[in-house]
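Let chain A serve as the given structure and place chain B on it in line with the hints.
Number of protein chains: 2
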Amino acid sequence: MSTSTTPPAPSPYYQRHVFFCLNQRDNGERSCGDFNAQAAFDHCKKRVKAEGLAGAGKVRVNKAGCLDRCAAGPVAVVYPEAVWYTYLDLTDIDEIVESHLKGGQPVERLRVPPHLGR
Amino acid sequence: MSTSTTPPAPSPYYQRHVFFCLNQRDNGERSCGDFNAQAAFDHCKKRVKAEGLAGAGKVRVNKAGCLDRCAAGPVAVVYPEAVWYTYLDLTDIDEIVESHLKGGQPVERLRVPPHLGR
Numbered sequence: 046m047s048t049s050t051t052p053p054a055p056s057p058y059y060q061r062h063v064f065f066c067l068n069q070r071d072n073g074e075r076s077c078g079d080f081n082a083q084a085a086f087d088h089c090k091k092r093v094k095a096e097g098l099a100g101a102g103k104v105r106v107n108k109a110g111c112l113d114r115c116a117a118g119p120v121a122v123v124y125p126e127a128v129w130y131t132y133l134d135l136t137d138i139d140e141i142v143e144s145h146l147k148g149g150q151p152v153e154r155l156r157v158p159p160h161l162g163r
Numbered sequence: 046m047s048t049s050t051t052p053p054a055p056s057p058y059y060q061r062h063v064f065f066c067l068n069q070r071d072n073g074e075r076s077c078g079d080f081n082a083q084a085a086f087d088h089c090k091k092r093v094k095a096e097g098l099a100g101a102g103k104v105r106v107n108k109a110g111c112l113d114r115c116a117a118g119p120v121a122v123v124y125p126e127a128v129w130y131t132y133l134d135l136t137d138i139d140e141i142v143e144s145h146l147k148g149g150q151p152v153e154r155l156r157v158p159p160h161l162g163r
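Note that the protein sequences, when read in sequence, are chains A and B. The numbering of the first sequence is my numbering, which starts it at 46 and goes up by one. The numbering of the second sequence is my numbering, which starts it at 46 and goes up by one.
Worth flagging that the hints you see were computed from the coordinates, not collected in a lab. One or more of the hints may lead you astray.
As the list claims (entries may be wrong) - Cβ-Cβ distance ranges computed for the label pairs, FRET-style:
hint: 1; chain 1: A; residue 1: K94; chain 2: B; residue 2: T136; range: 17 to 27 angstroms
hint: 2; chain 1: A; residue 1: K94; chain 2: B; residue 2: Q83; range: 26 to 36 angstroms
hint: 3; chain 1: A; residue 1: E74; chain 2: B; residue 2: G100; range: 28 to 38 angstroms
hint: 4; chain 1: B; residue 1: Q69; chain 2: A; residue 2: K94; range: 35 to 45 angstroms
hint: 5; chain 1: B; residue 1: R163; chain 2: A; residue 2: D134; range: 27 to 37 angstroms
hint: 6; chain 1: B; residue 1: D79; chain 2: A; residue 2: D71; range: 23 to 33 angstroms
To be verified - List time: in silico DSS-like cross-link candidates among lysine-lysine, alpha-carbon distance up to 25 angstroms:
hint: 7; chain 1: B; residue 1: K91; chain 2: A; residue 2: K108
hint: 8; chain 1: A; residue 1: K108; chain 2: A; residue 2: K90
hint: 9; chain 1: A; residue 1: K90; chain 2: B; residue 2: K108
hint: 10; chain 1: A; residue 1: K94; chain 2: B; residue 2: K91
Said to hold, decoys possible - Chain B regions said to be covered by chain A (calculated; three or more residues, Cβ under 8 angstroms):
hint: 11; stretch: 70 to 80
hint: 12; stretch: 103 to 116
Think of the CB as a built atom: it goes at the ideal place given N, C-alpha and C, for glycine as much as any other residue.
With the rest of the complex left out, here is chain A (with noise of 0.2 angstroms):
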């Protein structure tokens, strides 16, 4: 494999696209959909859409199947910045649009730490 990322493209099609892990595990093992990301995610995409955010050259807010980072679930991602989220409630799903989709500054608090994968 290449050991350098290429640079995003200058205009990606969308400025930020939000993935929503909303993976659903029934085999007892942990898994984002235990923690509410389905609602997260609704109000997540309402949000966006009532600010005005979503479209091309905006903000899309996405589904997703397990992003294998399940030991920091619930977990979001924000591309093309790579900026990686967990969140407990609808409250820091709001400071995310606010803060980092509306207002470009990620939500420092809010960033999986690292090291966190499956």
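This is chain B only, laid out in the frame that chain A set:
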């Protein structure tokens, strides 16, 4: 909304994070699920594992819901580079894995034209 995009983290958790739209509509509208998106996702995931590219610091191949660029479907996107692809068959997926995910060189002929959205 802010007008600029925060640069991606210098070392994103995944060097390349690939999202396949697996959306399947049942209302007659075009959706990526009509074009063997699941088979393409499965094949990509298998090839990435076989090449030893899978994991933190390397490549993650992910399921996603509708990416809202249905006119170009089936689509997949590679972040943080924000390179959007369309594909016809598993040979196209092999080329994306070999050239881009392994070699760092995007496959120009498979890129989604910038104007194509929903």
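Status of the hints after comparison with the structure:
Hint check: K94 (chain A) to T136 (chain B), Cβ distance near 39 angstroms, so the stated range 17 to 27 angstroms is violated. Restraint check, K94 (chain A) to Q83 (chain B): a C-beta distance of roughly 28 angstroms satisfies the suggested window 26 to 36 angstroms. With their beta carbons about 18 angstroms apart, E74 (chain A) and G100 (chain B) fall outside the hinted range of 28 to 38 angstroms. Taken as a hint, the range 35 to 45 angstroms is violated for the pair Q69 (chain B) and K94 (chain A), whose Cβ atoms sit roughly 23 angstroms apart.
For the hinted restraint 27 to 37 angstroms between R163 (chain B) and D134 (chain A), the CB-CB distance of approximately 31 angstroms keeps it satisfied. Taking 23 to 33 angstroms as the suggested C-beta distance range, the pair D79 (chain B) and D71 (chain A) conforms, at roughly 28 angstroms. Note on K91 (chain B) and K108 (chain A): the hinted pairing holds, with a Cα-Cα distance of about 22 angstroms set against a maximum of 25 angstroms. At roughly 10 angstroms between alpha-carbon atoms, K108 (chain A) and K90 (chain A) fall within 25 angstroms of each other, so this suggested pair holds.
At most 25 angstroms may separate the alpha-carbon atoms for a hinted pair to count; K90 (chain A) and K108 (chain B) meet this at roughly 18 angstroms. Taking the CA atoms of K94 (chain A) and K91 (chain B), the gap is about 36 angstroms. The hint is violated against a cut of 25 angstroms. Closer than 8 angstroms: that is the beta-carbon criterion, and the stretch 70 to 80 of chain B has 0 residues meeting it against chain A, so the requirement of 3 is violated. Here's how the stretch 103 to 116 of chain B fares: 11 of its residues keep a CB closer than 8 angstroms to some CB of chain A, so the rule of at least three is met and the hint holds.
The structure fails to meet hints 1, 3, 4, 10 and 11 from the earlier list, while all remaining hints are met.
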